[in-house]
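*Asks:* The primary structure of each chain is shown beneath.
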Amino acid sequence: MQEYFRNIWQGLSTVLTGMKITFKHLFVPAVTIQYPDVKVPLPERVRNRLYVNMDDCIGCDQCARVCPVNCITIETVKSVPGEDLGKTSNGKKKALWVTQFEIDIAKCCYCQLCVFPCPTECIYMTDVYEFSELERENLNFNFVTLSKEEILQKKENYAKLEAEKAAQKAAAAKPAVANPEQKPTDN
Amino acid sequence: MLTEFGKVFIFFLMAIIFVVIGVFVASLIRANRPTQEKYLIYECGENALGSPWIKFNIRFYVVALIFLIFDVEIVLLVPWAMVYQDYGFGGFIIGAIFLVLLAVGMVYEWRKGDLEWARPYPILPTVVKKRVKEEIIENKAVTNQEIVVN
Amino acid sequence: MIFEFFADLLGSQILSAIIIAALPLVFIILYVLLANWLERKVSAHMQDRLGPMRVGWHGWLQPIADMIKILQKEDIVAKDADRKLFSAAPVLVFVGCYAAFAAIPFSSAFVGADLELGLLYILAVSSIVVAGILMAGWASNNKYALIGAVRSAAQIISYEIPTVFIILCIIIVSGTLNLTTLSEQQSGTFLNWYILGGDVEGWKKFALIPFMFIGFIVMYISSVAESNRTPFDLPEAESELVAGYHTEYSGMKFAMYLFAEYANMFVVSALVVAMFLGGYQSPFGYVGDLINVPWLIPIEQFFWFTVKGLFFVFVQMWLRWTLPRLRVDQLMALCWKYLIPIAFVNLLIISFLMIL
Amino acid sequence: MNLYDFIFYFFAALTIVSAFFVVTTKNIIYAAFNLLLTFFGVAGIYVLLGADFLAIVQLIIYVGGILILMLFGVMLTNKITNVQIKTEASFVIPASIGVGLFAGVLIAILLKTEWRNSPADIPISTLVPIGKLLMEEWAFVFILLGVLLLIALIGAASIARKE
Amino acid sequence: MKSTQEIYNLLKEKFQEKVIQHLNTLPKEEVIEVRPESINEIVEFLRDDKELHFDNLILLSGVDDANGSKNKLEDGTEEITGGTLSVYYHIESMDLRHKLVLKVSAPRENPEVESIYDVYGCANWHEREAFDMLGIIFKNHPDLTRILMPYDWEFGYPLRKDYRNPEFYQGMKVPY
Amino acid sequence: MALKTEEMVLNMGPQHPSTHGVLRLEIELDGEIIINVKPHIGYLHRCFEKHCEAMTYPQIIPYVDRMDYLASIYNEFGYAVAVERLLDIKVPERVEYIRVIMGELQRIASHTVAIGTYGLDIGAFTPFLFLFRDREKILSLFEMTCGARLLYNYIWVGGVSHDLHPNFLRQTKEFINYFKPIITEINNLLTYNKIFIERTANVGILPLDAAINYGITGPNLRASGLKWDLRRDDPYSIYDRFDFEIPVGKGWMGTVGDCWDRYYLRILEMEQSLKILEQAIEQIPDGDITSAIPKRIKPPEGQIYARVENPRGELGYFIMSKGGLQPWRVKVKAPSFVNMSIFGDLCRGHLIADVVAILGSIDIVLGEVDR
Amino acid sequence: MMEVGLQHFLVVSAILFSLGIFGVVTRKNAVMVLMGIELILNAANINFIAFAKYGNFGFDGQLIALFVIVLAAAEAAIALAIVLNIYKNFATVNVDEINKLKE
Amino acid sequence: MGLLDREFTEDNIVISKVDDFLNWGRLSSLWQVGFGLACCAIEMMATSASHYDFDRFGVIPRPTPRQCDVIIISGTVTFKMATRVKRLYEQMPDPKYVISMGSCANCGGPYWEHGYHVLKGVDRVIPVDVYVPGCPPRPEALLEGLMKLQEKIRNESLVKKAIV
Ligand code: SF4
Ligand code: SF4
Ligand code: SF4
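Chains as they are written, first to last, in my numbering: chain G, 1 to 187; chain F, 188 to 337; chain Z, 338 to 693; chain S, 694 to 856; chain E, 857 to 1032; chain D, 1033 to 1403; chain L, 1404 to 1506; chain U, 1507 to 1670.
Think of the hints as simulated: they come from the structure by calculation, not from any bench. This structure is a prediction, so every number in the text was calculated from the model and none was measured. One should not assume that every hint holds.
[Said to hold, decoys possible] The list that follows gives simulated cross-link-like pairs (lysine to aspartate or glutamate, EDC-like), each with its CA atoms no further than 20 Å apart: (1) K906/E <-> E1333/D; (2) K1658/U <-> D1629/U; (3) K719/S <-> D419/Z; (4) K858/E <-> D974/E; (5) K1029/E <-> E137/G; (6) K674/Z <-> E303/F; (7) K884/E <-> E1333/D; (8) K1082/D <-> D951/E; (9) K955/E <-> D1265/D; (10) K78/G <-> E164/G; (11) K719/S <-> E521/Z; (12) K1658/U <-> E164/G; (13) K1658/U <-> E137/G; (14) K39/G <-> D1629/U; (15) K1658/U <-> E135/G; (16) K926/E <-> D905/E; (17) K959/E <-> D974/E; (18) K959/E <-> D1265/D; (19) K858/E <-> D1266/D; (20) K78/G <-> E149/G; (21) K20/G <-> E1217/D; (22) K148/G <-> D55/G; (23) K874/E <-> D904/E; (24) K416/Z <-> E224/F; (25) K1082/D <-> D905/E; (26) K1070/D <-> D1008/E; (27) K858/E <-> E893/E; (28) K884/E <-> E1217/D; (29) K1354/D <-> D1008/E; (30) K906/E <-> D1008/E; (31) K858/E <-> D1265/D; (32) K24/G <-> E1217/D.
[Said to hold, decoys possible] What follows is a list of derived Cβ distance ranges for each label pair: (33) R1273/D <-> E930/E: 21 to 29 Å; (34) V1041/D <-> F703/S: 34 to 42 Å; (35) K92/G <-> H395/Z: 53 to 61 Å.
[Claimed, not checked] Stretches of chain Z that chain S covers, calculated by requiring three or more beta carbons in the stretch to come under 8 Å of a beta carbon on chain S: (36) 451-464; (37) 471-482; (38) 486-495.
We put the beta carbon where it would ideally sit given N, CA and C, even for glycine.
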């Protein structure tokens, strides 16, 4: 019997306690961030869309190799002697034309692993997160600054150089040196 | 002269008309793109396992039964409640006898456990091949003390 | 009375009755839209959120947008479902809820049908809802729906008993079943409300207060249970039975359940208000009386009734967003082992008090 | 035809048609839901006869109680799992002939008889007179009904519970 | 607290040739290798012995040793024949605080290991997983079905080193 | 015995509001009583172990994150501990402290989700949102440190990727002070609510011997009454330096090892985590965080099993190396997987509604169950 | 058509009564038989009330109808309980089969 | 045949007004299937929680797909799950929309290469309307994706686009 009334009492009192709390919260200002109108400043280390500063990229392929997802595709062509590719901002000399630099953002897992090994710090994560798309193809970002013709031309240039070299080598009857830079793309 | 129940009748008609109109208007607008899977019974994305039309726990039946009897008694009590005060103590006694009879039935059901819903009878998980003898290990010793509920 | 007014105006009682019957419909629609919005806002603010914000000022257009969307939604009747009953069930459920509005006195001038047996009538039509719910569950041919429906039926009928006991208490004290009369008896200030013993004279009034209060609590709990709201919303408990008996319903038919649910919330609140809290009476007296403008009084009464009704609707929302839900056996135990005995004893005591 | 008649015919038709479906339909659930309509129609007829309390009692007890009980009963007792819940009927033809004859005779007698056809005045509230009757002339029956219901409750529950 | 060596000696004494060897040359973890068909007895002994009292199976992991002969197929993938699949059992005693690693190896073509689901409750799912991933068959297991992969996955055991992806599964393309 | 009702098989999931993700439960019912529950898992099997065999050691870390996505830091922590043991690396003091701070923050964050969703399962919506609101604060701490909200790739083998943000310690302290009253509020709102107690006490009782036999770990084991916490019993990192208590279930509202105990234990654990955090913040030294990060991770041939106390229990990594850049085999002892395996037994004889209560109380993360 | 009077109600009642009998006679399912019985009782009630109104018998007719309803409820409760019990024992609610099974 | 299934060949002011009206209704009341798959689901929950509050846009989770308008595929779709996802999508009443949230749902994400049990992109089984990149996408990103979807709905029309 005592149990019976205690149950009733406990039931009522705990319900009232709960109601008191929720009622109090009715007047606590909401914590909601009204997103499209208000945007909270993101901390500086925030990891969102990748960006590659192609001016600085030396095409060393480090980032692609370290990426666990393999979503970076880099293809480079050696420059022919006499071409000036400029320097990176930290003073390294560029020696390769980057003819393909694609990051399939749709695959990327935003792990930031590719950022650390880059010798020129040209690949980095930005705070852009609003880039949803209606088509998936649009999520494959291409960072190459060269135009299509230029790429073709660079390739031709290099092929010519190769041919010349090969001819020279054949002439010198030396064993051909494998091109270390020509990495097969893996997807 | 429209009686009050006539108005009620119109209320009923009104409600039916509202639903019918609502569904009808919607049928003018709504899309209708049938596919095969759409017309399967929803079961969390799985194929339905067996038919749902099964027989139910007898508790439901007993509840309905007790309810019915109570309902009837209450219906009989309504006229009593309207007039008993005119009959003084005697009126009260008649109703009280009736109520007590009701209470007797209630207590009987309670005692017999018909008011209990299907209660869980948990079967505790056990060790598959139990060790022969269970030792109390120091580490497992737990003191039992009440916590204070604030 | 509005009925006579329209009858005189139009010269036809039937037309007048139709208008009278249509007015609550308008009221329901407006109220459902408001309650829907309110529910979302109240829940949001209780949870430190904002709730709908993007359509209209603080999202007040949200329920309207919902309605427009629901109008466009496809209406799916599963292949294995029972077509006829599946379509009939929302009608029954809505009719059951709506018919109850007929007896609710919104103000002294506006009662749909001034039934002598108003209180019992509301109970009677709510049993149609039970049949409708069972029908919905059955016709859906879906396990969740069926279990939800059967549970719901068992729950509603169980909780009807304490409700009726408390109604009996009120009958004994007031001597009427007519909701309008009931409201009239509680006129004057809030001291005359039945929760404070009503207009009974002398010491009896004070003796009645605690029991009326208990009656009020029991009545409110069971009416919340009858409208299937948390903490008693197991028939549609999301976490186990998906959406209960309306799992398979989509589009407009689902909207009917939505309407019915909100309408039901108001009906039970109105019932509680009419029985215990003075019905449409103002707690303090009327401005109309003060400045001697008699036609203002019914409007004020309507205002008070709506405010009180909405307050209890709000309390239902408040409860919903505060409490966890009960399990089915506990729900039944609460009804049969707590509410019914309490209501029963309450009835005995009150009936005894009244003949003294 | 005035309104009263019209409503009467409406309810009469509702009652009879749905009752007809109750006894003829194969599907027991349909029968149950048709029964709902029958009860409803009968309640309407009660109202027309000025018995508003009884009409409401009809709704409360028949629709809210007995019908639900029957639905639960149906759900409990039928092997619904595999077969459609159909119930067969037997002796349909002899039964319909017999019942038809019976009904014909009954109705003929009814129509032939000169009934005293003057409606009594029914007060607005039927509840108080009924209550008065209950407390005066039928008080004993009232208590007896209490006992009966108690027995029904105990009996039904224990039968249902029995092994 | 007992070291693996001590336990090994105990076991060797009790189970004789059912215990194969004590591998303690590799760094980090010492392993006792036992016969696959008697693992359940040994584990049960380890659990019920008062001195040892290994009451908790931490982990049961199947490993593809890939120590058979490898032959290249035309499409560049490898196929392995012969060699063994192993199962590692990490068990510990929660009150005596010692751990032990057991190992059984079974031939790749017919990898049958005795089930220990009745000794440790959690072994049930672990064994199902090992079956699912590596195709190790646990004898006497009550319900040895796929657990992670779909029940109708019929393209082999994905964690084997020579697993090849199918082209389609139920009409859905599997490779990227 | 009442009328025998036919058995019905009810399906819960994979899309179901309360299965905490993509779990499918096949529930055999007798009326409303459960005869048997058969969990079907694997709807989120993401081939973690296969990926490990194809990745180098640092590349695995992002995948490790994605296992138990509610406690990513702890997954990394465990992995880092395992690989470090394999390589015999000693990490700098500061790194250890950072890891502990992060780990305990993560534990709180994870428990808030567990408690919140448990409230949701029982039907209380509001505590869930309150707790998510506070979890957001923890996430912003993480975001400030490493830039990600959920999957961090923060703890590396031999170190951590970034040093703490200068404001981090101050904000963490603020958070601790902020969070303490919240726990009381949640207790008043949910924990001591009569309905909640009725729903959870004496439900899903897990006796201690069965718990040990089934290898249950973490709060679930402790709720059954065994004081077993790897932070104490098999110390890793620097947990032996802190002073904290290990709460065990005492059957406060019902029987030892029921749902309420499991739930309440998480609340107590959050309090203890706050205590550890306070101490760690006091003690954290300055220093370098990158010195021990190896350039190339190529462990010798061998195998290791290392384990940590994840918010859900014992998270262990069995790493087998054959001397390459990639591990030969990585097998994870996922606490949720093990805890899940007793679920079917736990449910027997309960009502349908209790399935939800029990499932919520053992707090699984499907990403970890299926890996 | 003549004005609706007592006869109309009696005719409705008679038809309902016949239908009830038809149901009771033809149906095999015990629950259906019960439904038939309910129809019969309803028909009787209509009579009672109709006579109460047109026969000037006062309210006794209504009161008796009330009693009939009450008894019908009790009857339904008991009958369904028996049906359930039979079902438990014979696993059928078919009246004929039960007859057969009893032997 | 409902209005929505009809296609008008010519544009006029009435149709475009009706269009706007209906589109407005649809876009401001997108009810979502209460359904999460993996890590992204946690961010989805965070989006509906107090800080970001999906409800502001009228998005509320409904337990059954029968009453939903948008399904947010939040996380890795495995082969075992793919058929279920498809069925869930199918069981939603038209008009319905799909948001693919996170790398995994977009194209298999980090599991695209070795994931023998991961469906490489949910668009292989159901038509996706908006791809939200991220792993997991920030709640804001999901909101932005939702707004993009709303934009898309706003531009829907009953007028049959002339084939240019
Ligand atoms: S962030 Fe990670 S997944 Fe994305 S490109 Fe960089 S390394 Fe690859
Ligand atoms: S690591 Fe940096 S420099 Fe090298 S390829 Fe990548 S982006 Fe270019
Ligand atoms: S996209 Fe990333 S966060 Fe989302 S489910 Fe896939 S792995 Fe998890």
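*Asks:* Enumerate the violated hints, using their earlier numbering and listing them in ascending order.
*Replies:* 1, 4, 8, 11, 12, 14, 16, 18, 25, 27, 28, 29, 30, 33, 34
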